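Generate coordinates for the entire structure from the input sequences, incorporating the hints supplied.
Protein sequence lines correspond, in order, to chains U and C. My numbering numbers the first residue of the first sequence as 1 and each following residue consecutively. My numbering numbers the first residue of the second sequence as 1 and each following residue consecutively.
Be aware that a few hints might be false.
Stated by the list, open to error - A few chain C residues facing chain U, derived, Cβ under 8 Å:
#1 Ser29
#2 Ile32
#3 Val257
#4 Pro258
#5 Thr273
#6 Thr281
#7 Phe283
#8 Ala290
#9 Tyr305
What the hints contain is simulated information worked out from the structure, not anything from laboratory work. Quantities reported herein were computed from a predicted structural model and do not represent experimental measurements. Even for Gly, the Cβ is constructed at its ideal location relative to N, Cα and C.
Protein chains: 2
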Amino acid sequence: MDVGSPIGLHRVLAPAGVLPQAAERLDASPAIGADEVRVRVERLNLDAASYRQLSEACGGDGDRIRAAVLAIVTARGKMQNPVTGSGGMLIGTVEEAGPGSPLGLERGDRVATLVSLTLTPLAVHDGLRDWDGLSEQVPCDGHAILFARSIAAKLPADLEPELALAVLDVCGAPALVRRHKTGKVLVLGAAGKSGSLCLAAARGHYTVGVVRDTAEQRLLEGTRLATEVLVADARDAVGLAAAVGEPADVTVVCVDVPGCEHAAILATRPGGTVIFFSMATSFAAAALGAEGLAADVTMLIGNGYVPGHAEYAIGLLRSDTALRGLFEARLGLRLADWAA
Amino acid sequence: MDVGSPIGLHRVLAPAGVLPQAAERLDASPAIGADEVRVRVERLNLDAASYRQLSEACGGDGDRIRAAVLAIVTARGKMQNPVTGSGGMLIGTVEEAGPGSPLGLERGDRVATLVSLTLTPLAVHDGLRDWDGLSEQVPCDGHAILFARSIAAKLPADLEPELALAVLDVCGAPALVRRHKTGKVLVLGAAGKSGSLCLAAARGHYTVGVVRDTAEQRLLEGTRLATEVLVADARDAVGLAAAVGEPADVTVVCVDVPGCEHAAILATRPGGTVIFFSMATSFAAAALGAEGLAADVTMLIGNGYVPGHAEYAIGLLRSDTALRGLFEARLGLRLADWAA
Chain U
1 MDVGSPIGLH RVLAPAGVLP QAAERLDASP AIGADEVRVR VERLNLDAAS YRQLSEACGG
61 DGDRIRAAVL AIVTARGKMQ NPVTGSGGML IGTVEEAGPG SPLGLERGDR VATLVSLTLT
121 PLAVHDGLRD WDGLSEQVPC DGHAILFARS IAAKLPADLE PELALAVLDV CGAPALVRRH
181 KTGKVLVLGA AGKSGSLCLA AARGHYTVGV VRDTAEQRLL EGTRLATEVL VADARDAVGL
241 AAAVGEPADV TVVCVDVPGC EHAAILATRP GGTVIFFSMA TSFAAAALGA EGLAADVTML
301 IGNGYVPGHA EYAIGLLRSD TALRGLFEAR LGLRLADWAA
Chain C
1 MDVGSPIGLH RVLAPAGVLP QAAERLDASP AIGADEVRVR VERLNLDAAS YRQLSEACGG
61 DGDRIRAAVL AIVTARGKMQ NPVTGSGGML IGTVEEAGPG SPLGLERGDR VATLVSLTLT
121 PLAVHDGLRD WDGLSEQVPC DGHAILFARS IAAKLPADLE PELALAVLDV CGAPALVRRH
181 KTGKVLVLGA AGKSGSLCLA AARGHYTVGV VRDTAEQRLL EGTRLATEVL VADARDAVGL
241 AAAVGEPADV TVVCVDVPGC EHAAILATRP GGTVIFFSMA TSFAAAALGA EGLAADVTML
301 IGNGYVPGHA EYAIGLLRSD TALRGLFEAR LGLRLADWAA
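In structure tokens:
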């Protein structure tokens, strides 16, 4: 058993010399190196922006969506949507752990990966036959490879695996909000997974949750996670700023649709901070939008990795029954457009 | 004379209700509202990423590049590259200032716009006949409209207009570096406009400038702007990290080519900061790259607006003859690939 690169450089097939996330194609062969771990995959959780793009491109047809995902994994050796650039995460059971792996995993451990599918070697064995293509939760038999520097969380015994997966998928967001929260905190897409966790992370502050319709409003108001819940279109900069009134100190963008950059900037006070978590964020729209609005705001690219993020997010869910209820209701409903 | 929106909403033709930067088409008609200013354009300075994309799409053919720019301005009523989303800035003379304009400009003032061309109504009168298409500096007779909240700087009397324009175009970068600099500061694309200004802003710190070839290395070493100058490919994450050695506290990305996100992240220490100024930055590549590398770095979207940015950048140029010499040499050479 060879020891490869801790960040998986030895699994890159093309182009040569790039990191796995930037690669066109990865080597997903099942034989592991001494510091690698092979996971038997049970379920993929596609990134919301990726699922939405695939669904729209396929006209909402489940069979076509399934075929599209299968084609991507077969061609690339990983699940990375070529349009959005995003992936998702997976759940499974450790099948084999190399003797040199530092991840502390053993055969039989149920785990969720906390690194993106965009850099995880993946092979599908069952043609995704158990997936109807109509939700971003994908039952899947296959295998995936973890590198020495990959991050995986053992699934908590007290939570449903689907629930844990949904929380772990976005656990970087509440951890980053915890670090930057101050004053009035505005969350766009507040009834979604990352949005509701961000509200929970900002407890004790004046929080404003923005949702898209009255159904989401009622749902979120019932949780008392937000001081104030507003129905507004997060792409409508002028309308949102008017609805929010006094600008926010920190604005958190958790809406998985493009075109929310200007609204977030305009709703934030000078000297404030905007944290972009949506993979649909356009770098140029944010940079030029702030300049064009003469807005002195600090704009952060939401980093999915913050030390201790998994434990922190799981802890929020455990300590807040309303938050947990929101997640359980959403998962029960299996909404295809379940926000990121 | 009507008073319109201070951020130019009344100039948006399509789609309805969006901000000017997000608009497909703006109304560039010359009649101004009471709080607007009309500028007679002398020169456009295209954003480096935009120019590079156009040049590559047109096979470096100046006539085709000129036709492409003209087609964009005619169709959109502004110069916004539909592929990169970026624009640039312009220089000109105030032709008419509405009585309600707060910008403090008078007919005859020579100005540079500090808001992006992506949201500035623009009409070209001369078919760009004086431009060879081979540099991003575009001689142009035309007119542009400034809104009440637009930002324009009167050109300093002691600097060549081209020199002032080149500095003002990127003046947000050194202002943001000034705010965030600490410890070891790494600048990718250090011999370019924004890169060299960022090095000047980080004076007094241990600075490392990364350039692409030995010609740039000699040029930059001659200025003594950087403590250390390295030749490396900023897209090669593994190679760059090895060349840099001890990771940086702050990494500043000023390279106008795609694919530098991972290298910047890998070269930065845990807890450090990466500031992305290049319009070629991919939001998803940065967010997922940091996650995939388990890198706890704060990632900032370079905001082109920081209060006082124009005066600060011009001051850096005035106080540093080597920096000024670098700018003058570059402008004299008229390098088409003059980095952003």
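Hint check, threonine 273/C versus chain U [nearest Cβ-Cβ separation less than 8 Å]: violated, 10 Å
Satisfaction of the alanine 290/C interface hint, Cβ to chain U closer than 8 Å: holds, 4 Å
Just to be careful: measuring from the Cβ of valine 257/C to every Cβ in chain U, is the smallest value less than 8 Å? violated, 13 Å
Hint validity - isoleucine 32/C Cβ closer than 8 Å to any chain U Cβ: violated, 19 Å
Using 8 Å as the Cβ threshold, decide whether tyrosine 305/C counts as touching chain U. Check passed: Cβ of tyrosine 305/C comes within 5 Å of chain U, closer than 8 Å.
Should the hint that serine 29/C touches chain U count as held when the rule is a Cβ pair under 8 Å? Because about 20 Å separates serine 29/C from the closest Cβ in chain U, which is outside the 8 Å limit, the hint is violated.
Against chain U, run the beta carbon of proline 258/C and see if the smallest gap drops under 8 Å. violated, 10 Å
Under 8 Å, Cβ to Cβ, is where threonine 281/C needs to be relative to chain U, so tell me if that hint holds or is violated. With Cβ-Cβ at 5 Å, under 8 Å, it holds.
Given a cut of 8 Å on the nearest C-beta pair, is the interface hint for phenylalanine 283/C held or broken against chain U? Nearest chain U Cβ about 5 Å off; hint holds.
In this structure, the hints that do not hold are numbers 1, 2, 3, 4 and 5, in rising order.
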